[in-house]
Structure formats: structure tokens, C-alpha cells
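K.L.:
Sequence:
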Amino acid sequence: MSENVLRQVRLALQTGDYPTAIQGLESAAHLAREAGDRAGEGRHLGNLGLIYHRLGLMEQALQAFHRALLSARADGDRLTEDGLLGNMGNILREMGRFDEAILHLNQALTLAREVGDERGRGIWLANLGLVYDDMRQPEDAVRLHEEAVSIARVLADQRGLAVRLGNLGNSNVALHQFQAAIPLFEESALLYRDLGEKGMQAQRLGVIGNLYAALGRSGGSRRNQIEYQQNGLKYYVRTLEIVRELGDQRSEADLLRSLGALNLELRSTDEAIVALDEAVRLYTALNLPELVDSTRALYPEAG
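The sequence shown begins at 4 in my numbering and counts up one residue at a time.
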């Protein structure tokens with residue numbers, strides 16, 4: 004009976020029939036519980052939680068994960084309990100319920116340490132850091148992201164490392180520690196390049212360009228300002244090459260606008276106008292009139 008129900012669930016998921024899938028998983032969980040199979044019950048409830056989360060039904064997802072958590076505890080499955088607590092923490096963060104998210108993620112961290120789940124520990128540390136980012140407590144976030152980065156290095160988790168370096172970079176940016184953030188984004192960009200994820204590589208390189216541009220506006224000697232601004236241009240150009248290769252016209256237009264603005268700051272008026280003209284052309288083609296107008300407003304006044 005249970006196998007027939009699960010076949011119906013798989014078919015429903017393949018066709019996007021979520022109500023049938025939800026009903027089937029509830030039925031499968033009930034059958035597993037009646038058979039004394041708490042592990043099976045928890046697995047079905049966990050899958051139910053994932054479906055609710057995919058549908059954006061956060062309260063229902065939390066309820067399903069909580070029921071799965073009770074099954075995992077009844078079965079003595081601490082590794083599954085660890086994962087469920089972490090998932091609940093992530094959902095609570097998405098809901099803006101930060102204190103509850105911290106509580107659940109810390110519980111997941113404790114379990115991950117006790118069962119030797121280093122991969123899970125790194126994930127929960129990173130996610131806990133994101134909660135503190137959301138709460139605008141970047142000092143606490145930096146500490147957590149640094150530990151998460153260290154674990155990714157030990158595990159040779161290249162993708163996780165690329166993501167976590169970006170998280171740590173963002174927290175440093177929130178602290179206005181731009182010089183500390185730049186090498187983090189550079190390493191992340193290299194990792195994404197090696198992973199073949201050019202979109203993320205471009206995103207990281209574009210951030211570096213923005214940081215150099217910001218440093219060029221932050222005071223100091225004119226010589227230092229020019230050096231920072233020229234570095235910003237280099238990163239914008241590198242990013243532009245990638246987004247053009249990807250055919251991402253919106254990002255291309257945004258980068259051209261940034262190039263134009265930075266060239267104006269460097270008093271390279273001709274280069275600035277060429278970039279701004281191209282940005283206007285792309286924004287026009289993309290039917291973004293507000294960006295067309297705001298980009299035209301950047302043009303230097305005649306005479």
C-alpha cells in the first residue's frame with residue numbers, strides 16, 4: 004500500500020500536482036506511523052515540509068518539519084534531527100523570526116558537533132551568520148562566516164567555500180572594511196570560474212569593481228583615489244566581457260553605466276560618453292525608461 008502511495012506522490016511531483024503529492028505524503032506518513040516505522044514517517048514528513056517550502060507556505064513547512072523532528076527524536080536519529088532543526092532555522096530566518104531562527108540553528112550546531120557532522124556544522128554556521136547579517140550585527144556575522152569558511156577549506160568544499168567567502172565579504176562591506184572584503188570576493192570569483200559558473204564569477208568581479216569605485220570616493224590623496232578608480236575600471240571591464248559572453252544585456256547596461264560614471268570621475272569624458280551612450284541604447288531596447296532617464300542625467304554638461 005505504502006509503495007503505491009509513494010508512486011502516486013512521485014508522479015504528482017513530476018506533473019506539478021502538489022495537492023495530490025501533499026495528500027499522498029500525509030497518507031504515507033500515517034501508514035508508516037501505524038507500522039511503527041518512525042524513520043519512514045519522519046522522512047515523508049520532511050519531504051512534505053520541503054514541498055510546502057517550495058510553495059512558499061512557510062507555516063505549513065514549519066509544522067511538517069516539527070512533526071518530522073518528533074519522529075526523528077522518537078527514533079533516536081540525531082543526524083536527521085540536526086538537519087531538521089537547521090532547516091527550521093532557515094525557514095524562520097526567511098520569515099524574519101530571527102530569535103527563533105538563532106535558537107534552532109544553535110541547537111542544530113550543538114547536535115552537529117556531537118555527532119561529528121562537520122559538513123552540517125559549516126552550513127549552520129554560515130546560515131547563522133546570515134541571520135546576524137539580516138539583524139545588522141555584522142561583527143557577529145563575520146565571526147560565524149570566518150568559521151564556516153575554515154570548515155569549507157578543511158572539507159575541500161569548493162562551492163561552499165565560494166559562497167561563504169562571498170558571505171564573509173558582504174559582512175565586511177557592512178562594516179565598511181572594503182580592503183578586507185576585496186580579496187575575499189577575488190578568491191570567490193576564482194572558485195566560481197573553476198566551477199564553470201560564469202554568472203557568479205561576474206557578480207563577484209562586479210562587486211570588486213564597486214568596492215574600488217567606493218574607495219576612490221572615500222577621501223585620501225588624489226593619487227590614491229585615481230589608483231582605486233582605475234582598479235575599479237579594470238574589474239568592470241573584466242565583468243563586462245563575461246556578461247556579454249553570457250548575453251546578459253541588463254547586467255551589461257548596468258556595467259556600462261558604472262563604467263561611464265567612473266570615467267567621468269577620472270575626467271575621461273570621451274570614454275564616459277561612449278559607455279553611457281551604449282547603456283542608454285541597451286536600457287531603451289530593454290524598455291527601461293526610468294534607467295534611460297537616470298543614465299542621461301549623468302552626462303556632463305556641454306561647454
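Hints are not guaranteed to be accurate.
Unchecked claim - Simulated restraints, written as ranges between beta carbons of each label pair:
#1 GLN161 <-> ARG57: 22 to 28 Å
#2 ASP78 <-> ARG220: 56 to 62 Å
#3 ALA288 <-> ARG57: 31 to 37 Å
#4 ASP78 <-> VAL157: 41 to 47 Å
#5 VAL277 <-> MET61: 44 to 50 Å
Calculated from the structure, these hints are not laboratory results. Even for Gly, the Cβ is constructed at its ideal location relative to N, Cα and C.
K.L.:
Which earlier hints can't be squared with this structure?
P.N.:
4
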